[in-house]
Structure formats: structure tokens, C-alpha cells
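Trainee: Listed below are the residues making up each chain.
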Amino acid sequence: MTAVARPTSSSTASGWIRGRLFPNVASGIVTVLLFPLLIYLAYRAFLFIVVNGRWDVIRRNLNLFMQGTFPRDEQWRILVQIILMAMAVGVGGATASAAAADRTREAGIATRRQRPTATLRRFGPLILFVLVLLYFATTANPWLFVLAVVSAGLLGSAARFLPPRLRHLGWLIAVLALIVGFQAVSGTTGRSWLATAILVSIGVWLSVRQEGLSPLARLATKTALVALAAGVVYGIYTVVTVPGIGWDKWSGLHLTLWVSALAIVLSFPLGLLLALARRSTLPALRVLATGYIELIRGVPLITLLFMGQFILGFMLPAGSSLSSISRAIAAMTLFTAAYVAEIVRGGLQALPYGQTEAAQALGLTPGRTMRLIILPQALRAVIPAMVGQFISIFKDSSLLYILAINEFLGVRSLVHAQADFRSVAHAETLVFVALGYWAFAYSMSRESQRLERRLRVGL
Amino acid sequence: MGQVVAVLIVFLLLRWLFGNLVDNSRRTGISLDFGFLNRPTQFQIANHPEFDPRSPVYRMVLVGIKNTLLASVFGIALAGVLGLIVGIARLSQNWLTARLASVYVEFFRNIPPLVIILFFAFAVFLHGPLPNLREAIEVGFPGTSHNLFIFSLEQWGIPSLADAGNLLYFSLAIIFALVVSALVWRWRTRVHDQAGDPHHRLFWSVGVLLLMLALAYVLLDEPLRVTWPTLSENRRRVIDGFAINSGFISVAGALGLYTASHVAEIIRGSILAVSRGQTEAANALALTNFQRYRFVILPQAVRIALPPLINQGLNLVKNTSLAAAVAYAEITNLTASSIGNGRPAVPSIVILMAVYLSFSLIISFILNLVNRRIQLVAR
Amino acid sequence: MTSETKGSAFADATQAKGEAFIELTDVDKFFGDFQALKDINMKVGKQEVVVVIGPSGSGKSTLIRCINRLEKHDRGRIIVDGIELSDDIRNIQEVRRETGMVFQQFNLFPHLTVLDNVILAPREVRHTPKKEAENLGMEMLERVKIPEQARKYPGQLSGGQQQRVAIARSLAMRPKVMLFDEPTSALDPEMIKEVLDVMVELAEGGMTMIVVTHEMGFARAVANRVVFMSDGQIVEVGTPEHFFTDPQEDRTKLFLSQIL
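Chains as they are written, first to last, in numbering that gives the first Met the number 0: chain D, 0 to 458; chain C, 0 to 378; chain G, 0 to 259.
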């Protein structure tokens, strides 16, 4: 009876095969059945991708997929926009992670440096997609462009070396880069000054801190400064007029990304307000908010898009009109806001009531309590669910295809309207489009899981 | 105070919006009422040769609702079965099974369902490798002259069952057999209670059921007959058997595949959510793996999984609206065609939303009922 | 003096109580690179009550979890009632039928009533008929003094009551040895006594028990031996009196000064 326990066998290859593929009879049978199937599928995939696939359709239409029907001679705008965006992401990301690193360092928690390979793996799907795009590129320009974008991002990430006191500058640069980037394409005409003015006003309002003034004086000062800032912005925009291409002419992957981003950004404040309204003590507000949320969540997005197309026009005064894309963005915002509201509501409910009680015991007003104690915790708790919702809206932007808007999926109609591709290569274009969506969605979902893990640890 | 202001703002906004709506409608002469429901539809519904364009619009709406339900039911059935298999496979100890299931889930979860539907509709069907109906692939039943399956771009044919006489008696026999097998189930359960032996009640009752059905089948002189799918004379339709349209397969199949990935995640999550202590307690009591799953893990996992699963069912019903991109005549598609044919947009869309809202409310109601019944009793 | 010498010296002293019912010989356990159990040698005789104490992370929970194979030992031998623990599932099931375990977190099945919790294993593992099992279950619940809770659900009971149900659940399998993994650590102070009383009654009734706990009062009352573990090793073994009056090792003295 000398049974010495065997050393753990998962370290050897044969041990691994035995343990993971054939742990028992039933499992062994499954392995034996699945393995040939896997080989067959891999073989068919290989045939499709390498041998039989008519990937020419992508190569010849790459521009269509990326930018759609955007005027060819204005395409430099999009390039400038993406480079500015890359820089904004670089600056913003670096500032945020530097701030987080400082906080963890001061808390005495040790952090491990990420190896470069880990970062590569993190963005694997996106890198794969970019490589696929470069593969289909017919000139050298896309390579240079990718190089420029990466450089801009890296340059922006130098913001990590900013001393903490100048971190606000980092955020300011990031926001400015975003605004200028957006307007690099859309131009400064029309009502674009409004968005900039709103952003600047919020920034001014939040950053003005005047201690030692009575509340009324502080309110007056803030209002005055905000009005001043808005006026300055308006003035700048009347002087500086750069024509551009409004978003109703954007299409392709470019449009998909922007529509999703806009829907996300615009739906967040609306959803927040709805969630608070739903918890309001005023019955009228509560009923309205609940009714709205339940109505929107009970119908498919396409019906709201139809509503946007057909009915929204009727709801505006005669003579004014919104472009197709504006209506779509409005519908998507209204749609997402209801889901965001439910997510935020879940976060608020999950927060222990003891937090509110502690704040009250300290003498904080309800407004301050909400702003300083409740919302920061509740929102952090629901970040994973929010990212899930954003992935959802990104995928749902494909519905614009049904409205004959040529976003990433819809551009296929243009591709297959050409005589050469009328009834061929449908599978190839669909696979390409699927890859694009998959790369972005999978990356976002992995980032969300990563965030969730870090949040659980309390960072 | 701020809340009162908010209510006022919302109220004024709504008044302005709807005021404009009424004004503009009056100005452009487009009606806002629902009278159009009783007027003739005036267009043909694809793949529904029995639909008369002269029938009133509300009949068209009913056809749309029926098709939505049909696609939903099949989609949910497919998603349920496939999702269950993939979800459990993901937890398997077998590395191959677990990885394949993971790849399935991570792929289908992250692409838009519309892309999958289009893939079916265009890459498999419309421009796909399948031939036209005229030259359909007929997979023969080996040894006979019948077709087992028919594959083509427009329609697929599968075998079906039809009445060959005595169907009424056979139905009664089925009911009788079900009752008897239920009694057998109870008998075996009682044997288990009294003597402690394993009950094997599943084998017993299913065995008895099948035996009785076979007996009834023979005694009633073959009350059912199989109809094999055949192409009609002019090879334009599938007659006999059961004909499924490519649109239906696209929508139900694609949504089944897509939703199955979510179902698999929910099932995996719910099994993992049952705390490890439960597994340890079950092991300490010497329960086998099967007993542990049956008595401890699955009852708790089902309670966790049921609300999100019902939610996924609702999502699938809502996603059938994506059929607006392909030629499947569910309610959204028909509404779009109807508006395209001149029917008033506002009331049509209101009806469309009302249809989905009713589904949604019914399913929410069921969800609440289920939630209340399965709650674990606590202080 | 090595732990082996100490352990076996005192193990011999208790041979009078009966042959070794549980034997651990040269047992090692690793979690990855971390060694949780180092060279464990221990014998537990029939009807013996052994209390295992030690700081957290010392491996005491791991030790008893290896005995019913909730953890798998990497080296050495574990023999329970003549059955040696190996990878063979039938061995493991046999051992688990003979051992009962009570967990710190109770781990009652929340979807079953108290009575169903108690009789699930007898019905499904020993194939006891339902009526008989229910009688057995009620008997066990009476033994832990909460027969009136039989139809309630675990969520409706207090912590002390839940833990007593957990004890009844293990007892219903008529185990030959009961393993307790910090049974009172998750309880409010006023409920600790009711659980300890049940455990004392069990011990006085002749049950073989291995108890991981901090409750030294319990050890004083019924333990035949106290085993002190630290860093995965058995450091000192002795009678309760020995520990309270004359601990030998420095580590023992340090630990006792913190909890007594």
C-alpha cells in the first residue's frame, strides 16, 4: 500500500493531454469527435481566407468602407481628425493613468510595470484589424498614416510627465484636441459654436473655486464668468469661419464610430437625469420618467429610428429640418438614455443606505451628498454595465443600414451596386465588416473586464 | 424645488412637440387617426400567396404579428438549446470543448445581429452556393423515391406529418399515454420514497409513453403519415412536407445563433455564481457529481439565471424587427412597406410600437411572476 | 526536538483510547509554489477529540480538508478507517461517507428546507427510504435542539441555528469522525455557546472529532489532545493542560499569549 501521491502532472505535455483532453471516457469520446471537426473547419476557413476568397472587393473599395461617400478631395480632414484624436487619447489616457499611479503610490500599494507585450496583447484585436486594413491598402499612404497616428498617440502620452499641478492643462489639451479634431471635418459654421461653448462653460463652472464668498456672490461670479466664456467662444467662431463637411455627409466606418460616440456622450447626462427623476419624490416626475424608460425599453431600436425618420420632422416647427443622420443620432440617444437610466438606477439602489445616512449626519445638503458621495460610488460600481451598453449601441449603429444611411455596414450596398460586385463576394464583405465590429467590440469588452477586476480590488 | 421646475420644463416641451405635430399634420393633410386600418392593404405580402391585397390593413397587421411570433418562438427554442449546450460546454474540463465554446461565445456576442442575418440572407441564400428553386437540391431518402430535404435559395423543404385517418383517436391516445406516463412517474417516486431504491422514473415514464404510443400507432392503423417535401409541377413551390422560407431561416436561425451566445454566458455565469461552499458541502456529504448538480447547484443556478434569460427572450423578440433588412414579412417589415405604400406614418408607427410594447409587458409580467415564485425564503 | 518525535510521543500516550483511526504520514501539500503543509505526521485514535490551533495561514484548515479530500495532498499518505485516500473516486466517496464536515460558513443549501438539508445525503447516498430518512432527520434535529425549525428555510434561521442544522446534516450520515473547520468563527458571540454545547455533547457521547478552532474553553473541556500548527508544520502537541501551563516552543508561547 505504498501509494505515494504522484507529482502534479499538468506540467508535462503528455500529462496535460491526458488531464485536459481525456480526463474520463465520455470526455475522451468528445475529444475524438471534435478534433476532426475542428481540423475540417480550419481547412474550410483556410480555403476561404487564403485560396478562394475574392478579397479584391475589399482592396478596391477600402476607401468606401473607411470613409464612404465622403468627398475625396476633402479626405485630408479625416486624417487630421484622426491624428488629433489619437493625440487627445494619448494625452487623456496618460494624464488619467499618471493620476491613478500617483494615488496608488501615495496609498502605499505596489504596482507592477506592464510589460510591452502585455499591452500589445491587450489591444490585440484592434491591432489585428489595423493590420488587415493595411494588408488591403494599395498605396503606401495608409502605412504612413498609421505611423503618424501612432506617433501622435505616443507624443500625447508624454503628458504623463506633466507635474501634478499642471494636470488640468493635460485635460484641457485633450478636450481642445477633441473639439478641434471634430471640427477639422465638420468645420466651424452653423451651430458648432454651441457645443464648444457648452463644454467650455462646464469647464469654467467646475474650475472656478472661490472660497470665502457668500453662496450668492459665488453663483453670480460663476454665472458672469460662464457668460463671458460663452461670449468669447461665440466671438471666436464669428471671426474664424472654416467651412467643413457636416456630419450628414459622413459615412463608412468613420460615421459608425462617430454616431456611436455621439450617442454615448449625449445619452449619458440624459440617462443620469432620468435615473434621478425616477427616484424623485415628486410623483409627476417619477411617473414621467418611469413611463419614458419603460416605453423605450419595450420597443426595438428600429421603431425609434423609424419614428425619428418619419415623425420627428412633424414635431418641429414647419420649415426646419434635420438631416437623416441627425434624426438617427437623436433616436439613438433617446434609446440609450433609457438603458443608461436603468443601469444608473441599479447602481444607486445597490449603494448601502448607510452612505446617505453618514453624509446626512455630517450635515451635507442633499445636493452635495448626491454629488460628492452617492454618484461617485454608484457610477464607479456600474462602469462594467455601462461599457456593456456602449458596446451594444456600437453594434446597434448597424441598424442605420435599414434607413439607407451608409455607415460601415450600409456601405456594402454601395460596394455591391457596382457592376463588378453585384452578386459576388457578399460573404467576403460581410466577413470583413464583421471583423471590424468584432475587433472594436471585443476590445471594449476585454477592457471592461479588466476595469471590473481592478475596481473589485478597490483601485 | 428643482424638481418642480423640471416637471414644468418637460411638460412645456411635450406640449410644444405635440402642438407642432398636430399643426404640421393638419397643414400637410396627413391624417393622424386610425381609420386606415379598415381600408384595403393594396399590396401583396411576399411569400404569402394566400393573402388577398384587398383585405383590410388590420389583417396585414395580424399576419405581421403572426410571423413575428413564429420567428420568435423558433429563435428562442434554438437559442435555448444551443445556449444551454454551449454554456455547459464552456465549463467542461475538456480543453477542446471549453475553448470551442468560448470562441463561439466571444465571436457571436461581439458582432451585430444584423450582420448575422445579412450573412444568412445574402451569403448563404441570395447570392450563395444554393441553386434556384427550379434546380433545387433534393436530398433523397436512401432507398426510396421520396425527398428527405429540399434545399434552394428561396425555400427549404423538410418532412412533415399529416393526417392519414384516425387522427382524432390518435390524439386521444396521446393524451391517454401522457396521463399514464405521469402516473408511472408518481408510482416510481413513491417506490423511491418507501424503499429508497433509485427510482429511474425518467426511464420508466418515457419508456411507457413510447410503448403506448407505438401500440396506439399500430392499433389505429397508422394514423399519421409522413409527407415528404416535393417540388410542384412547375417547380415554383415546395408542396407536401413543410416549406420554410429563406427569410424565416435567416431571421430565426441568425437570431438563434446570436442569442445563444448570450444564453451561454448567462448559464455559465449562473453556475459559477453558486458559491464554492455549496460544492464543498455537497462533496463532504459524499454526493456524486451528478447528484451535486441535480440537487444543489442547478436549482440555485436556475434561480439566478431565470430573470436574465427571460430578458434575452424579450431581446430576441425585439430583434426580429431586424427582418426589415431582409424579405421576411414580420410586423416591422410590413409596417415599413405599408408606409412606403402611402399609409399614414404616425399611426402606423404607433401601432408598431404598441405591438412590441404588448409583448414586452406580457414578458415583464411573466418575469415578475417567476421572480416572486423562485425567491429564496429569507428573513 | 522535531515535531515527529513530539507528535508520536503523545500519539503513543493516547493509544490506550484505541487504534489509530486516522493516520497522516509525511503529508505535504502545495498551492503552486507555496507549501501549505510540511511533513505532517499525526494519528487520531477512535473516540479521540483533537483540537487544532494556530495562527491564520498555518495550514490547519488545509489539514482537515485533506482528510476528506476537499483538498488533495501532494505527498505522503492519509488513511481513514483503513481506507487510503487516493485518486480513485470510489475511495474518496467511501471516506466522505465516513467523515462529516462542518464549515465556518455553514454552507447550508438555501433552496431546501432545514429537514431536506439534513436528509438529502441519507436519501441519495445511502438510499434510505423517505419516511425512515425523515425520522432520522428529526432525531438529528432534536439532538441539536431545534426540531421545530424543520420546515423552515435556512435564510430564516439565525447563525447559531444554521450551524446546528449543519451539524445535524453531517450527523445524519452517521459518520465515524466529525471534522470541524472553525465552526464558531462566523457567529455572533451570543450564539457561540449554543453551538459549542452541541459539540461538547457530541464529544462526551464518544464521537471522534478533529476541531479547528480558537475556542480554548472548548479545548479545556473535552479535548484529549491539542495540536499547535504554524507555517504548515505541527509545532507542538499535548494535553490542554500542557498548553495552558507549560508550553514549550517559542512560537506556541507567542500564539497563546495573543489568544488567551
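Bear in mind the hints are in silico, worked out from the structure with no lab data behind them.
We treat Cβ as the ideally placed atom computed from N, Cα and C, and that holds for glycine.
Heads up, some of the hints might be wrong.
Derived CB-CB ranges, DEER-like [what the hints assert, rightly or not]:
no.: 1; chain 1: G; residue 1: Gln155; chain 2: C; residue 2: Gly34; range: 54 to 62 Å
no.: 2; chain 1: D; residue 1: Arg112; chain 2: C; residue 2: Leu271; range: 30 to 38 Å
no.: 3; chain 1: G; residue 1: Arg89; chain 2: C; residue 2: Asn310; range: 21 to 29 Å
Computed footprint of chain G on chain C; a stretch qualifies when at least three of its residues, placed anywhere within it, have a C-beta under 8 Å from a C-beta of chain G [stated by the list, open to error]:
no.: 4; stretch: 261-268
no.: 5; stretch: 290-304
In silico SDA-like cross-links for lysine to any residue, where the CA-CA straight-line distance does not exceed 20 Å [what the hints assert, rightly or not]:
no.: 6; chain 1: G; residue 1: Lys252; chain 2: G; residue 2: Lys129
no.: 7; chain 1: G; residue 1: Lys151; chain 2: C; residue 2: Pro197
no.: 8; chain 1: G; residue 1: Lys129; chain 2: C; residue 2: Leu77
no.: 9; chain 1: D; residue 1: Lys221; chain 2: D; residue 2: Val241
Trainee: Does each hint fit the structure? Answer for all of them.
Mentor: Here is how each hint holds up against the structure:
no. : hint                             : result
1   : G:Gln155 to C:Gly34: 54 to 62 Å  : holds, 59 Å
2   : D:Arg112 to C:Leu271: 30 to 38 Å : holds, 31 Å
3   : G:Arg89 to C:Asn310: 21 to 29 Å  : violated, 43 Å
4   : 261-268                          : violated (count 0)
5   : 290-304                          : holds (count 6)
6   : G:Lys252 to G:Lys129             : violated, 52 Å
7   : G:Lys151 to C:Pro197             : violated, 27 Å
8   : G:Lys129 to C:Leu77              : violated, 39 Å
9   : D:Lys221 to D:Val241             : violated, 31 Å
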